[in-house]
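There are 2 protein chains.
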Amino acid sequence: MIKTQTLKGFRDFLPIEAKKRQYVISALKQVFESYGFEPLETPALEYEEILLGKYGQEGDKLMYRFEDNGKRKVALRYDQSVPLARVIAQYQSELAMPFKRYQIQNVWRAENTQKGRYREFIQCDIDTVGASSPLADAEIIEIAISAFTKLGFKNFKVLINDRENLQFKTQGIALSQDKNILAVRSIDKLKKIGKESVIKELESNGFTKGEAEEILQITEKAKLTPRLAEVFSILKKLRISDSQYEFSSTLARALDYYTGIIFEIEAEKYTAGSLGGGGRYDNLIGLFADKSMPAVGFAFGFDRLMEAMEELNLFPANLQTTQVLVTIFSPELLEKSIKICEILNNRKINQELYIDPDAKMEKQLKYADKKQIPFAVIIGPDEAKNNEVTVKNLKTREQKTMKLDKLVASVFG
Amino acid sequence: MIKTQTLKGFRDFLPIEAKKRQYVISALKQVFESYGFEPLETPALEYEEILLGKYGQEGDKLMYRFEDNGKRKVALRYDQSVPLARVIAQYQSELAMPFKRYQIQNVWRAENTQKGRYREFIQCDIDTVGASSPLADAEIIEIAISAFTKLGFKNFKVLINDRENLQFKTQGIALSQDKNILAVRSIDKLKKIGKESVIKELESNGFTKGEAEEILQITEKAKLTPRLAEVFSILKKLRISDSQYEFSSTLARALDYYTGIIFEIEAEKYTAGSLGGGGRYDNLIGLFADKSMPAVGFAFGFDRLMEAMEELNLFPANLQTTQVLVTIFSPELLEKSIKICEILNNRKINQELYIDPDAKMEKQLKYADKKQIPFAVIIGPDEAKNNEVTVKNLKTREQKTMKLDKLVASVFG
Numbered sequence: 001m002i003k004t005q006t007l008k009g010f011r012d013f014l015p016i017e018a019k020k021r022q023y024v025i026s027a028l029k030q031v032f033e034s035y036g037f038e039p040l041e042t043p044a045l046e047y048e049e050i051l052l053g054k055y056g057q058e059g060d061k062l063m064y065r066f067e068d069n070g071k072r073k074v075a076l077r078y079d080q081s082v083p084l085a086r087v088i089a090q091y092q093s094e095l096a097m098p099f100k101r102y103q104i105q106n107v108w109r110a111e112n113t114q115k116g117r118y119r120e121f122i123q124c125d126i127d128t129v130g131a132s133s134p135l136a137d138a139e140i141i142e143i144a145i146s147a148f149t150k151l152g153f154k155n156f157k158v159l160i161n162d163r164e165n166l167q168f169k170t171q172g173i174a175l176s177q178d179k180n181i182l183a184v185r186s187i188d189k190l191k192k193i194g195k196e197s198v199i200k201e202l203e204s205n206g207f208t209k210g211e212a213e214e215i216l217q218i219t220e221k222a223k224l225t226p227r228l229a230e231v232f233s234i235l236k237k238l239r240i241s242d243s244q245y246e247f248s249s250t251l252a253r254a255l256d257y258y259t260g261i262i263f264e265i266e267a268e269k270y271t272a273g274s275l276g277g278g279g280r281y282d283n284l285i286g287l288f289a290d291k292s293m294p295a296v297g298f299a300f301g302f303d304r305l306m307e308a309m310e311e312l313n314l315f316p317a318n319l320q321t322t323q324v325l326v327t328i329f330s331p332e333l334l335e336k337s338i339k340i341c342e343i344l345n346n347r348k349i350n351q352e353l354y355i356d357p358d359a360k361m362e363k364q365l366k367y368a369d370k371k372q373i374p375f376a377v378i379i380g381p382d383e384a385k386n387n388e389v390t391v392k393n394l395k396t397r398e399q400k401t402m403k404l405d406k407l408v409a410s411v412f413g
Numbered sequence: 001m002i003k004t005q006t007l008k009g010f011r012d013f014l015p016i017e018a019k020k021r022q023y024v025i026s027a028l029k030q031v032f033e034s035y036g037f038e039p040l041e042t043p044a045l046e047y048e049e050i051l052l053g054k055y056g057q058e059g060d061k062l063m064y065r066f067e068d069n070g071k072r073k074v075a076l077r078y079d080q081s082v083p084l085a086r087v088i089a090q091y092q093s094e095l096a097m098p099f100k101r102y103q104i105q106n107v108w109r110a111e112n113t114q115k116g117r118y119r120e121f122i123q124c125d126i127d128t129v130g131a132s133s134p135l136a137d138a139e140i141i142e143i144a145i146s147a148f149t150k151l152g153f154k155n156f157k158v159l160i161n162d163r164e165n166l167q168f169k170t171q172g173i174a175l176s177q178d179k180n181i182l183a184v185r186s187i188d189k190l191k192k193i194g195k196e197s198v199i200k201e202l203e204s205n206g207f208t209k210g211e212a213e214e215i216l217q218i219t220e221k222a223k224l225t226p227r228l229a230e231v232f233s234i235l236k237k238l239r240i241s242d243s244q245y246e247f248s249s250t251l252a253r254a255l256d257y258y259t260g261i262i263f264e265i266e267a268e269k270y271t272a273g274s275l276g277g278g279g280r281y282d283n284l285i286g287l288f289a290d291k292s293m294p295a296v297g298f299a300f301g302f303d304r305l306m307e308a309m310e311e312l313n314l315f316p317a318n319l320q321t322t323q324v325l326v327t328i329f330s331p332e333l334l335e336k337s338i339k340i341c342e343i344l345n346n347r348k349i350n351q352e353l354y355i356d357p358d359a360k361m362e363k364q365l366k367y368a369d370k371k372q373i374p375f376a377v378i379i380g381p382d383e384a385k386n387n388e389v390t391v392k393n394l395k396t397r398e399q400k401t402m403k404l405d406k407l408v409a410s411v412f413g
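Top line first, the protein sequences correspond to chains A and B. Throughout the first sequence, residue numbering follows the working numbering, covering 1 to 413 in sequence. Throughout the second sequence, residue numbering follows the working numbering, covering 1 to 413 in sequence.
Treat the hints loosely; a few may be bogus.
All copies of an identical chain are treated as equivalent in the list; a pair is satisfied when it fits inside any one copy or across any two copies.
Keeping only pairs whose Cα atoms sit at most 30 angstroms apart, straight-line, the calculated DSS-like set for lysine-lysine is [to be verified]:
{"no.": "1", "residue 1": "LYS360", "residue 2": "LYS3"}
{"no.": "2", "residue 1": "LYS339", "residue 2": "LYS406"}
{"no.": "3", "residue 1": "LYS336", "residue 2": "LYS400"}
{"no.": "4", "residue 1": "LYS71", "residue 2": "LYS61"}
{"no.": "5", "residue 1": "LYS360", "residue 2": "LYS237"}
{"no.": "6", "residue 1": "LYS115", "residue 2": "LYS54"}
{"no.": "7", "residue 1": "LYS3", "residue 2": "LYS150"}
{"no.": "8", "residue 1": "LYS269", "residue 2": "LYS195"}
{"no.": "9", "residue 1": "LYS115", "residue 2": "LYS8"}
{"no.": "10", "residue 1": "LYS8", "residue 2": "LYS54"}
{"no.": "11", "residue 1": "LYS385", "residue 2": "LYS191"}
{"no.": "12", "residue 1": "LYS191", "residue 2": "LYS406"}
{"no.": "13", "residue 1": "LYS395", "residue 2": "LYS179"}
{"no.": "14", "residue 1": "LYS20", "residue 2": "LYS154"}
{"no.": "15", "residue 1": "LYS54", "residue 2": "LYS339"}
{"no.": "16", "residue 1": "LYS150", "residue 2": "LYS403"}
{"no.": "17", "residue 1": "LYS189", "residue 2": "LYS237"}
{"no.": "18", "residue 1": "LYS71", "residue 2": "LYS54"}
Bear in mind the hints are in silico, worked out from the structure with no lab data behind them.
Input sequences plus hints: build the corresponding full structure.
Have a look at this one:
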C-alpha cells in the first residue's frame, strides 16, 4: 500500500478550511471589482528565462525548475509581478491602459518550511500599471482599507513612507545603489530587532559605526515628502479617516524594486507581522517592454490574513450554506422526503436530501452534525400518515413534530 | 530583450476571458453548493508514486514529473480523482461520509496540443463518495441538469447507460477483462466514426469479424438494466423532465474504471462533442484505503463548456460590473469628480474614478470603451459652476448635461 502523504509545505484544504478561503477570496474580489479592477490569470508554468534572474540569487535557488518532455527549461510561477510584466509587454494594445488588475493564484517556492511558511501558497495582488499619479497611489491604499474593513478588521492602520526618505547619504555623500539596498534591508528590521541590532547588522555589512548611526538618524528624522503630502491630501478628499493611515519614517519594505511610496498594513491585535503591503515600482514592469511603465500595487498576505481572521474571530460562525438536512426514514418514504425538499426549495431555504435511503437515522443525523447543518427534518410512517414532519434543531438537540404546512413558518420564520 | 511568450498549450486569460471563466465557475459552485456539495483543494504537486501507474502507460507518459530541490520525485496534478482517493484514505475520520465534494482546479498534461486541447486546463468535478444508492446516481444527474440549465443551455440531454450492458460475451463466452476494455473503447467511438469503422478497429484489435459484429449487436440490443430502471424512477420522483435524459445503449465512455451507470451530456446545437460526463466507479477510491468505497461523479468539460457558451451566445452581454466611469476634467476639478463617485456609491451604482487627473478626456473615454463601461460622466468648469454634470452613453455616443440631482434618476433610473 502506498503511503498517503502530501509533500512538506503543501496542503490539502478540506471543506471547512476551503470554504473559509473562498469566503475571503470572494470578499476581496468584490472590493477589487467595485474599484474597477479586473481579473488576470497567467499559466503555472513559464519559460525559465522569463522568470530567472528577476528575483535575485535567492529566487533562482527557491524556484521550482525542470525540463519538460519537450526539453524546454520551465519554471513554476514564483510570484505574480513578473508574469504581469510579461503580459503588459505581450498584449499592450489589447489592454485598457492604465491597466488595473487583480490576480489571485498559487505560487510555488522551495522555502524552508516553518510555521506559516509554505511551498505552495496563494498570492493576492492588485496593481495599477501605467499611471504615475498620486491618485493611483491613494486609490491602492483606499482599496486596502476597504478590503480590511469588509473582512471585519477594526483597529488596523496603513503605515506609509516614501523610498525617497531612504536614499541615504553619509557625511553628505550618497550611498552607492548596492550599499543603499543593504541599508534599506537592515532598516526594514528596525521594529523587529531594535536599534542596537540594526547598527550591528549594518556594521557586519561593511558600514562603520558612525555611518550606521547616521543612517538610523536620517531615517528617524525623515518627514512627509512632497509626493506623500499629495497622496495624503487625496486620501482626505476621498474621505478616508486619518485614523486608518499614518506616516512612518521607519517603514522600509525589504523588496529592492520600490521607487516611491511604500506602505504596509498592521492590525492592532495581530502581532505576527504585517498583513500586506506594497508600493510604487516604476522600473519593474518595463522589464520586457521597450519602455518603462509606472506601477503601484498592494499584495495581501493571504495565509497571515487567514490566521489573523481566525485569531480575531472574524469568520462568520457558520459558513455552511445548507440550512436543513432532509433525512430519509426508509426507502418507501423517499418520496415524502423529496416532497419536503420541494417545499423548502420553493421557500428558498437551502436543503440537502440525504443520499442513502438505506442508512440508519443515527448515521444521517451524525452526517448533519459533521457538516454543521443546523436543522434536520424527519418524516417517518407516523408523520407521513398524519401529514406531519419532525424538525430537529441539531444545536439544542430539541425536536418538535408539527403539521407540514407549519414547517417553514414555525422553524425558519 | 527576452522574448515574451507563453509555453505551447498554456494560456493567459486577460480580463474579458477571465471574467467569463469566473462567471461559469461561480454559477457552477452555486449549483453544487445548493445540493450540499462542498469544496476540496489539493496540492499542485504530489509525490510521484501517488500518481504513477494510476492513469495507465499513457498517463505516466503525459504527466509532468521532476525531481524537486530535495531530490523528491514529484509530479503535477494530472486529474482530481486520484488526489480525491488519497484524501479519502488520509482524512477518513474527519470527513462527513458520504463525502460530497466539488473540486475546480487546474491539471497539467503534456498532450499534443491541438484545437481545444491544452496542457494546463481546469477540471471541474463533483463526486459522491461512500454511497452506493441509486439515489446518489440520480442526484449527480440532477445536478448536471441543473448546472446546464443555470448556465442557460436549453436543448440538452443526458445520455445514460450501464456498464453492465457492455460486459460482452461472444458465442456465449464472456470476454477477458482486457479484451472487454478494448471492445468498450471501440464502441465508445461508434457515434463519431460509424459501425464500419468500429468493426474495422475491433478486427485490428484481434477480434474476428463475427465477434465484432456480435459485439455491435449486443450493444444495440441492450436494454435498461434493473439498476437503471431504479435510477430513472428516482429521476421521475425528483420531477426531472424526461426530455432531459434518455437511455442510450451505445454510450460507452472510454475510461476503464467505471463499474455501473455511465452518462454524458450533449447540447443539441453544439456538435464538437459531449460537454461532460461521468458515472459510477466503485473500485478507484479504495486505492489507498484498506477497503473499497463506492463513488459516483460527473466531470464538466470546462473548455468545451466555455466554447459552447460562446457559440450559443449564453454569456451575459456585458460582464463589466462597473456602470459608470467618472472622468476627471482637470486636477483642480478632482474633488468634483470624487463627489460624483460618492453620489453614485450611495445609490449603489458601481462606478470607477479614472486614475490620472492629468490624462486627456479622449484617453479617459477610450479607456471606458475598452473596458466596455456603459456610461461616462464629465464634470468640467461649466458643469461645476452650474451644479451640473454631463453624462455620455458610450454605446449610442449621445451625451446630455443635467442638474446634479437629476443624475441618478434620469440616467440610471
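Verification of the hints:
| no. | hint | result |
| --- | --- | --- |
| 1 | LYS360 with LYS3 | neither (33 angstroms within a copy, 63 angstroms between copies) |
| 2 | LYS339 with LYS406 | within (14 angstroms within a copy, 50 angstroms between copies) |
| 3 | LYS336 with LYS400 | within (18 angstroms within a copy, 60 angstroms between copies) |
| 4 | LYS71 with LYS61 | both (20 angstroms within a copy, 14 angstroms between copies) |
| 5 | LYS360 with LYS237 | between (64 angstroms within a copy, 22 angstroms between copies) |
| 6 | LYS115 with LYS54 | within (27 angstroms within a copy, 33 angstroms between copies) |
| 7 | LYS3 with LYS150 | neither (42 angstroms within a copy, 41 angstroms between copies) |
| 8 | LYS269 with LYS195 | within (24 angstroms within a copy, 71 angstroms between copies) |
| 9 | LYS115 with LYS8 | within (12 angstroms within a copy, 37 angstroms between copies) |
| 10 | LYS8 with LYS54 | both (26 angstroms within a copy, 22 angstroms between copies) |
| 11 | LYS385 with LYS191 | neither (72 angstroms within a copy, 50 angstroms between copies) |
| 12 | LYS191 with LYS406 | neither (61 angstroms within a copy, 52 angstroms between copies) |
| 13 | LYS395 with LYS179 | neither (62 angstroms within a copy, 55 angstroms between copies) |
| 14 | LYS20 with LYS154 | within (19 angstroms within a copy, 34 angstroms between copies) |
| 15 | LYS54 with LYS339 | neither (61 angstroms within a copy, 42 angstroms between copies) |
| 16 | LYS150 with LYS403 | neither (42 angstroms within a copy, 33 angstroms between copies) |
| 17 | LYS189 with LYS237 | neither (33 angstroms within a copy, 66 angstroms between copies) |
| 18 | LYS71 with LYS54 | both (22 angstroms within a copy, 25 angstroms between copies) |
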